[in-house]
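These protein sequence lines map, in sequence, to chains A and B. Read in order, the letters of the first sequence are residues 3 to 280 in our numbering. Read in order, the letters of the second sequence are residues 3 to 280 in our numbering.
Certain hints may be false.
Which copy is meant is left open, because identical chains are indistinguishable; a pair holds if it fits in one copy or across any two.
Listed below are the simulated SDA-like cross-link pairs for lysine to any residue, each with C-alpha atoms no more than 25 Å apart in a straight line [stated by the list, open to error]:
1) K199 / Q148
2) K199 / S105
3) K199 / S108
4) K199 / R268
5) K199 / T4
6) K199 / G104
Keep in mind the hints are simulated off the structure, nothing from the lab.
If you want the building blocks of each chain, they are given just below.
There are 2 protein chains.
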Amino acid sequence: MTFSERLSAAVRAADSCLCIGIDPWLDRLPGRADSTDTVALVAAFARAVVLAAEGQVPAVKPQFAFFEQLGPPGMAVLADTCKLARERGLVVIGDAKRGDIGSTASAYASATLSPGAPFPCDALTVSPFLGPDTLDPFLEAADRHQRGLFVLLRTSNPGSHRWQGAIRDDIAGWIEAENQRRGPGLGPVGAVVGATKRDDLQSLRDQMPGTWFLVPGFGAQGASAADARAALRPDGLGALVASARGATFPSAPDADYDADPQRWIRSRIAVVKAEIRD
Amino acid sequence: MTFSERLSAAVRAADSCLCIGIDPWLDRLPGRADSTDTVALVAAFARAVVLAAEGQVPAVKPQFAFFEQLGPPGMAVLADTCKLARERGLVVIGDAKRGDIGSTASAYASATLSPGAPFPCDALTVSPFLGPDTLDPFLEAADRHQRGLFVLLRTSNPGSHRWQGAIRDDIAGWIEAENQRRGPGLGPVGAVVGATKRDDLQSLRDQMPGTWFLVPGFGAQGASAADARAALRPDGLGALVASARGATFPSAPDADYDADPQRWIRSRIAVVKAEIRD
């Protein structure tokens, strides 16, 4: 089964395009008042998110930076989180935004997209900035192992247009062409397109019918559910809408959250899932 | 002492602008015929490079990807390598090409540029693609802790012009302005500029008198010593020329290398150092 087929099946099975971000912000971890073992708190939080997401959504998206800042023990938690999520049937999108040349890009791909990868992901976010030749090692790994990529195209931050604007359409054309030449339907080379600029999202959706979008920006970053839904194709496929803060943290201290994070997150996921559908 | 002052002092003390890349290619590790413990082989190689570089060159540049592909144990070797190199007085440039928004960028900066960083670096390579606002967390960490950045500007790979070309001058102007507003002389916000297109390197050098360049592309990637020297200011400062393959691996199996890698690398570093100077 190709990456796109697996992702389509997961979206249909969950009846949702919601992708839950696993962003362990250290100042929001449940239980932080009772323990100073940050690595253990992160491990418990990441596990709670995966188990809360299981069966409810198609995908989770661990954010590598939050694990990396805790050093090798944090990276061990990341490895365990990726493995657990895949075991539980979730599509795992490694949000690492990697990009480098030749052999170095191959090493990043090996770390995440190979069968024996220490941080096993179904797809990886990558940066196109170094040039199309630097994406080839990632594409080769994705093709060989039936994995996917999400290429940064139009990010959700306020300053994204400054340097992305001038080259966006050329990168978009390159991505769509890579999908087209792999056959009809949605391909393995996705794009990260924020929901915060809805006009851009809509026009890219029209230009890129064969491309999965990974859509950040919904909720805490200001985009509405309707903005995010502009990423979907008429068949309800073609987009994963990411939510981390809105689905996994309370906005103010909450005793229920600390008492049973997995249950709290599971309820919140149900709420966010309904928001995106309606 | 600022990052730029430390780097200038290191260049003068070593009488060299050579930066030794620590790129543990798994198929080139010394001793690989006698051991299958890849993590131990990488650790021994990285240690040999650091000890061979000590006192000969100003800086080393560990390439994060090659450690990440070995999982958490590989990341532990990376952490040890960064620590050992700093203890031995080398300026450590973490070649991670990180880039992300807001809190995620802060987490990457915390992993590398903070006083308690698990992977302690004096400077970090970062990607500008997401926009200038996404570089702010890295700049804040660099300013607070007297560290440096090297922003990808014109990379050494064949396809770098495709997407960097249209935005290169605006990014260059932004980098130089960040240095100018921090005072006269060379600032903490460096740029990665490959030696493989000498005309570009020369024109960027002229446009960016206050910016340190990190210059890949010399040797194995095809640029000559004269190409790389175009990155230097008339005072002999302002550039670090990177060499990994040429300084740390033999091009064919070599018994002397396997017998005493540190000694072999030390001799090679002396040769490459002389090539760049002449």
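Now the hints, each set against the structure:
For a Cα distance limit of 25 Å, the shortest separation of K199 from Q148 qualifies neither inside one copy, at 31 Å, nor across copies, at 36 Å. With identical chains, the CA atoms of K199 and S105 are at most 25 Å apart between copies only, with a shortest distance of 20 Å across copies and 35 Å within one. When the C-alpha separation of K199 and S108 is checked against a cutoff of 25 Å, the pair qualifies only between copies, where the shortest distance is 24 Å, while the shortest distance within a copy is 33 Å. In this homomeric assembly, K199 and R268 never come within 25 Å of each other (Cα to Cα): the closest approach is 29 Å inside a single copy and 54 Å across copies.
Proximity of K199 and T4 under a CA criterion of 25 Å is satisfied in neither setting, with 30 Å inside one chain copy and 39 Å between copies. Proximity of K199 to G104 under the C-alpha cut-off of 25 Å is restricted to the inter-copy arrangement: shortest distance 18 Å between copies versus 33 Å within a copy.
In this structure, the earlier hints numbered 1, 4 and 5 are contradicted, and the remaining ones agree with it.
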